[in-house]
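Trainee: The numbering used here applies: residue 294 is where the sequence shown begins, and numbers increase by one.
To be clear, the hints were calculated from the coordinates, so they are not data collected in a lab.
Positions of the beta carbon are idealized from the N, C-alpha and C atoms, including for glycine.
Any given hint could be a false lead.
Said to hold, decoys possible - Restraint ranges, calculated between C-beta atoms of paired labels, are given here:
#1 411 x 629: 48 to 56 Å
#2 599 x 401: 34 to 42 Å
#3 403 x 318: 30 to 38 Å
#4 365 x 537: 41 to 49 Å
#5 369 x 396: 46 to 54 Å
#6 343 x 369: 12 to 20 Å
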Amino acid sequence: MSRTITLLRHGQTEANLADLWQGQGDSPLSATGRAQVKSVAQRLSGSHYDLLIASDLGRTRATAAALGRPVELKSEWREADLGTWEGKSKADTHDEHEEFVAALKSGDDPQLGVTGERLGDVAHRIGGALDDLVRRLDDGQRALVVCHGGVIQAAAQLVLGAKHPPTGLINTSLTTIQYDDDTPRLHVFNDVGHLPSEVPNGATEILVIRHGESEGNVAQRWQGRHDAALTETGREQARRLANVELHVSRVVSSPLARAFDTAKAVANSASLDLDVEPDLVEFDFGEWENLTAAEIEQRFPEEWHAFRTVDEDIPRGRTGERFEEGGERFHAVVEALVSAAPGLRTAVVSHGGVSRAYLAKVLGVGFADRYRYSQLRNTAMASFVFRHGVSRMSRWNVAPHLDLR
């Protein structure tokens, strides 16, 4: 039974523009916010949703109204109650916020703005709202919820099972949660493909890109380090990707042809040299290399059972890598790239398996949690932002060149 919930953050408000705390108070959409809403409405115009729900606050009502569809207003989808911080500038509350963050790090769950909600209460409220909504959907149905940045962060953190939330959401970004039976999976996070391409803001960022479709993907083989070529579809995906303004200062690739050829298109478009990093290769699948799942199950039934049914992180194909090892390897490459290019955006073109393992490393979750989020689609992108030595996911599985044609 498959159901989908898409969470849409409201357009930019005057309070967002002024960098004010905005919880359950309200502020009108800014001129930029109205333009953002127009863009996302155009993007969604051809999409079918069986339910459209919005928080009952003014900024979400205004965003939902632009979609031109009947909408249900639900207070449980409101932003967090920020207590005494409401309407104040973030600069003026800096010291109070630092104390709040320190309390969180020590394991406490203090109230937001002294008198507001606790993050645990917000998570409980949003978890209940998600559960109630998914129960209303039949197999194959889809819902769109117009809500708030903090709400979407809480939802993503719940689905991912992560200790800390991902980064803040961009106004009018789209985040999609897919349900297989009652099990949620984060499919897309913070997608703003309908907005103009963002120029880096001085943060250190790694843009992880999966290669285009390969012959092994089509044959559903566990390619690993088998060097399969791109299909014609894969080459077209790479061409479309190269037309996206990524604003990267460096492009680094796995040496395998399916990644290298994808990366070459990106580097050429940006007039950059292409660097090759051997440790960006896909998992070593050992004796499973280039077999289908059915072939692996038939030839290695005990190992397959341990891997797929018991969720044991065993060496792939007896002699290959474990999931955690692949994530550590990828992490070491990223750390070196971050040190070499602080304040810049670097594109890393690699593979579906190791990029998934790297996200697990960033989130602090284990092998058994890998199904909490989708594998990157071919030529889809993920973004990781680094501040004060800490990496946080800021986007996942975003592919405007595939979704917007």
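Trainee: Indicate, hint by hint, whether the structure satisfies it.
Mentor: The hints, checked one at a time:
no., hint, in the structure
1, 411 x 629: 48 to 56 Å, "violated, 39 Å"
2, 599 x 401: 34 to 42 Å, "holds, 40 Å"
3, 403 x 318: 30 to 38 Å, "violated, 20 Å"
4, 365 x 537: 41 to 49 Å, "violated, 35 Å"
5, 369 x 396: 46 to 54 Å, "violated, 26 Å"
6, 343 x 369: 12 to 20 Å, "holds, 19 Å"
Going through the hint list in order, the structure does not satisfy hints 1, 3, 4, 5.
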